[in-house]
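*Asks:* Numbering (full-length UniProt numbering), first residue to last: 1 to 128.
It cannot be assumed that every hint is accurate.
With a straight-line cut-off of 27 Å between C-alpha atoms, the simulated DSS-like cross-links for lysine-lysine are [stated by the list, open to error]:
(1) K78 to K28
(2) K126 to K21
(3) K123 to K22
(4) K123 to K44
(5) K10 to K28
(6) K4 to K123
(7) K21 to K4
(8) K103 to K22
(9) K4 to K128
(10) K10 to K40
Because the hints were derived from the structure by calculation, they are not lab data.
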Amino acid sequence: MSIKFNVVEKPQPGVVGGGVKKWYASVKADGEVSIDELTKEIEKFSALSEADIRGVIIALENVIVNQIVNGKIVRLDKLGSFYPSLSSEGAATEADFNASLIKAAKMNYRPGTRIADALKTAKFQKRK
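All chains, full assembly: derive it from the sequences and hints.
*Replies:* Encoded structure:
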């Protein structure tokens, strides 16, 4: 298996008129995997039933949501970490800043060592 990619032309960031355009790789998703499919795959590696696995996945989602909206970092060992971040308008001084300048809360993901190591050895295939 390999990560499939397309090549797209992009302008130079911050240059009026785009500057010198260059070609860059862009991942071309090779389908999706649903919870049903994940559940069946996890069943192969555990003694848990499909219903138990599905219940754990749903419970994990609920717990992660609850912790993220309370400003916590959720570390899942080798899977990685989920953590909140903010997007805001700027203020001239720290005293001028207030919560109304926050535009959105977002969630970020940082892969754990096992996933990061797997990505280092990934193979690539250009889509035609």
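*Asks:* Confirm or reject each hint.
*Replies:* How the hints compare with the structure:
1. For the proposed pair K78 and K28, the alpha carbon gap of about 25 Å is at most 27 Å, so the pair holds.
2. Distance check on the hinted pair: K126 and K21 sit about 20 Å apart at the alpha-carbon level, within 27 Å; holds.
3. With a CA separation close to 23 Å, the supplied pair K123 and K22 stays within the 27 Å bound.
4. Our distance criterion of 27 Å between C-alpha atoms is met by K123 and K44, whose separation comes to about 25 Å.
5. For the given pair, K10 sits about 16 Å from K28 by alpha-carbon distance, which is consistent with the 27 Å threshold.
6. Distance restraint check for K4 and K123: the Cα-Cα separation of roughly 9 Å lies within the 27 Å cut-off, and the hinted pair is therefore satisfied.
7. Under the criterion of a C-alpha separation no larger than 27 Å, the hint pairing K21 with K4 is consistent with the structure, at around 22 Å.
8. Between K103 and K22, the direct Cα distance comes to roughly 32 Å. Violation of the 27 Å bound is thereby established for this hinted pair.
9. A threshold of 27 Å between alpha carbons decides the hint, and for K4 with K128 the separation of about 10 Å falls inside it, so the pair holds.
10. Of the pairs offered as hints, the one joining K10 and K40 is violated, with about 40 Å between alpha carbons and a cut-off of 27 Å exceeded.
The structure fails to meet hints 8 and 10 from the earlier list, while all remaining hints are met.
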